[in-house]
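Protein chains: 2
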Amino acid sequence: MLTAAICTIGDEILIGQIVDTNSSHISRALNSIGVKVRYMNSFGDERSEIISNLDQALSQNDIVIVTGGLGPTKDDITKSALAELYGSTGFYQDEAQFEIVKRIVTRRGIELSDLNRAQASVPQGSIVIPNQLGTAPCIVFRFPEERYPHRPTLYSLPGVPFEAIGLLPDVISDIKSHYQLADIHHKTLVTFGIPESTLAKQIEPWEDALPEDIKLAYLPNPIVGVRLRLSTYGGVKDEEIRRIDTEFEKLREMLGDAIYGEGEDTLQIVIGKHLKNKGMTLSAAESCTGGKIASLLTSVAGASQYFYGSVTSYDNSIKENILGVPHEIIAQHGAVSRECVEAMAKGVNRIMNTNFAVATSGIAGPGGGSPEKPVGTAWLAVAYHDKTTGKDEVISKKVAFNSSREVNIDRFASNALNLLRLYLESH
Amino acid sequence: MLTAAICTIGDEILIGQIVDTNSSHISRALNSIGVKVRYMNSFGDERSEIISNLDQALSQNDIVIVTGGLGPTKDDITKSALAELYGSTGFYQDEAQFEIVKRIVTRRGIELSDLNRAQASVPQGSIVIPNQLGTAPCIVFRFPEERYPHRPTLYSLPGVPFEAIGLLPDVISDIKSHYQLADIHHKTLVTFGIPESTLAKQIEPWEDALPEDIKLAYLPNPIVGVRLRLSTYGGVKDEEIRRIDTEFEKLREMLGDAIYGEGEDTLQIVIGKHLKNKGMTLSAAESCTGGKIASLLTSVAGASQYFYGSVTSYDNSIKENILGVPHEIIAQHGAVSRECVEAMAKGVNRIMNTNFAVATSGIAGPGGGSPEKPVGTAWLAVAYHDKTTGKDEVISKKVAFNSSREVNIDRFASNALNLLRLYLESH
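Which chain is which? The protein sequence lines are A and B, in order. Taking the numbering used here, I'd label the letters of the first sequence as residues 1 to 427. Taking the numbering used here, I'd label the letters of the second sequence as residues 428 to 854.
Honestly, the hints are just simulated from the structure, not real lab data. All C-beta atoms, glycine included, are put in the ideal place defined by N, C-alpha and C. Honestly, I wouldn't trust all of these hints.
[As the list claims (entries may be wrong)] FRET-style restraints, in silico, Cβ to Cβ:
id : chain 1 : residue 1 : chain 2 : residue 2 : range
1  : A       : D392      : B       : G796      : 35 to 41 Å
2  : B       : P622      : A       : T21       : 33 to 39 Å
3  : A       : R47       : B       : A728      : 40 to 46 Å
4  : B       : E689      : A       : A209      : 53 to 59 Å
5  : A       : K102      : B       : K642      : 28 to 34 Å
6  : A       : K102      : B       : H577      : 49 to 55 Å
7  : B       : S600      : A       : P195      : 28 to 34 Å
8  : A       : T21       : B       : R669      : 34 to 40 Å
9  : A       : H427      : B       : E852      : 48 to 54 Å
10 : B       : S604      : A       : P195      : 31 to 37 Å
11 : B       : P793      : A       : G109      : 42 to 48 Å
12 : B       : R455      : A       : A209      : 43 to 49 Å
[What the hints assert, rightly or not] Below, computed lysine-lysine pairings styled on BS3-like, alpha-carbon distance capped at 27 Å:
id : chain 1 : residue 1 : chain 2 : residue 2
13 : A       : K102      : B       : K800
14 : B       : K800      : B       : K818
15 : B       : K529      : A       : K398
16 : B       : K825      : A       : K397
17 : A       : K373      : B       : K529
Please construct the entire structure, taking both the sequences and the accompanying hints into account.
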């Protein structure tokens, strides 16, 4: 099986000013074509560090993918380190990339600088995969047998995430056309609502009975839920996928509606599919989640087909004046109450003229809260307005978490979406 | 200077199912106390990989921080690998952590399982920093001189981000109390609105004149803007900070209001400070940003003091019926127009009875768009309602980007916030 190392260059990662999201995308893409990522590595902008780390990565792996260190500013020295490592005698200007640089600079309405021009200059002996989305190209080095007996390939990508991700399909094509690839098969089910440890206990007998060569992994995420992934290496594709499906069928029987999707499904994607199938519309009224639910729903391309809009009613005056929550409800029960959140859901459904609505009201922290309603408490509601009968149906649920403000908001939002997902599945 | 390695264990990172956000937090914390992070490393759940990678990290560094591999499920084998590496003869139950495990399990309303109990069991010879936020503790191994001459310390943290981050202050205290620390000084200015390459060109003379020992780094981020960080190692703290301040003063003169803050400042934090100082309130009307602006504004604890709420008007009916955008405006100019976004801003200010409002309308993609208004185009507006005179003031701006849906949304949102920030600074 081909192996790969993913290397990230840049002091900005080592000092923690930015999070490396590229490596995750790259490893997923490599995985999908059966290339095993053995390790990921981040190191600093120093020439000797770059050379020794990349030399080690090339010695041990068939494919090395490097991100970062190609920006236009002076703290980047990757390109000359790569030239040294490869033994390039100089640099040349890649014309395809230079045209893109000129186009981008012109569109930004700025003058072409030497720094921009330098972006299209690459070491002799390397080839370029042009980057349509930015000024720095992907530079490909195919190392000869004299250098490393297994003739590895190094791909150097810009560090800007959407540029690196934009170049990935071309990198994957290049790998596919230059290597004989082994097979990897995996499939993922996505669950929501059962904590990881409870889930593990619940499916223990099933897990213990799994064939030796089928590997299970738990991938928990506060917004998505727990993903369960089964993998096998080698074998015949159809047969292996059939074996995984057979195991997942057993799991579906055990977990029921806690399973909501497969692969890259998220709650907002699945909700979108349900609404499109029903030809129905959705709105949201958010207090403690402060726009997070709307933001998740609209992260799905095409959400405008079913998502009409939302009201973030952070101040109680907005709950009353715009969503029409009766003043007495807030006075009597408080904003974090079943009564308030149900009125919010019904209210937003009414003012936006939608079929379904989801609402939240809670305390994300760190401040606020009381002994009865501590930080981390939220009420969630889902309302359905039947346009034929004019009747409203509403369900609600209280949740309590113990996380940071950010994670509490994420959990309130995903639990509200899950309440909606379950409601849509049963109506 | 003390050096550190940050190691992340888990196939879920190598196959790209989750993004490692922990390492960034950890490196920032280490950096702040003058510990230099030499590298970060992610590798798989295999015993031999874990042992060889950690052995290498311990050989080369004073401090090794490990995250991941401590969850309750079966794909975790880190703890026994750590025991083997340290030479532990067995395991013991840490009573403090066991009490926390019982408390958490009880609150979740689930039964205490063997898997839960095992979380409080740690290798002999290690000590525990209890984890109040989850079941797996931080396990500390102080290696003796016989093992590694420089007597490094290894901290093993759970992989769940808010738990790992929650434990960090205790880890940092532990490091401070066990090591003599060298000094690192850095200070960061945050800019918005100038692309990295233009900025680099603009400040080139200043950068060229920087003293040799003051290091500059560019840290671009589509939401925050470009951070400029100056660092020095060693020296006397007050003197070094004064030297950095002197350099930054020159930069402030060159960049003017493109600089909006320092350190960890974000646009939403700075906007919050301005509004609190003025004692004024804010609302938002979002179309293409779909809740992102509200979500950013409410990510700041205490935002309820000045942020009243928002309307996500994804469907045009919401723009008309709730925000009161005249039908003729949309019919004549379209939803993505100066006229529409200005009406949205004034409308939300009116219905929420706020002083300031920010609004967006654009095309995030991938679908939609036209030759005149391609994907990536958005109109942004800021409105001010003078409650004494009853007069409205509104400014607007068109932006155009060329990114993925996700990044387009981020950029629309941050540019709208920056328009608001500039407006607040001059009013």
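Check: Hints broken by the structure, by number, lowest first?
Finding: Violated hints (numbers, rising): 2, 11, 14, 16; every other hint is consistent with the structure.
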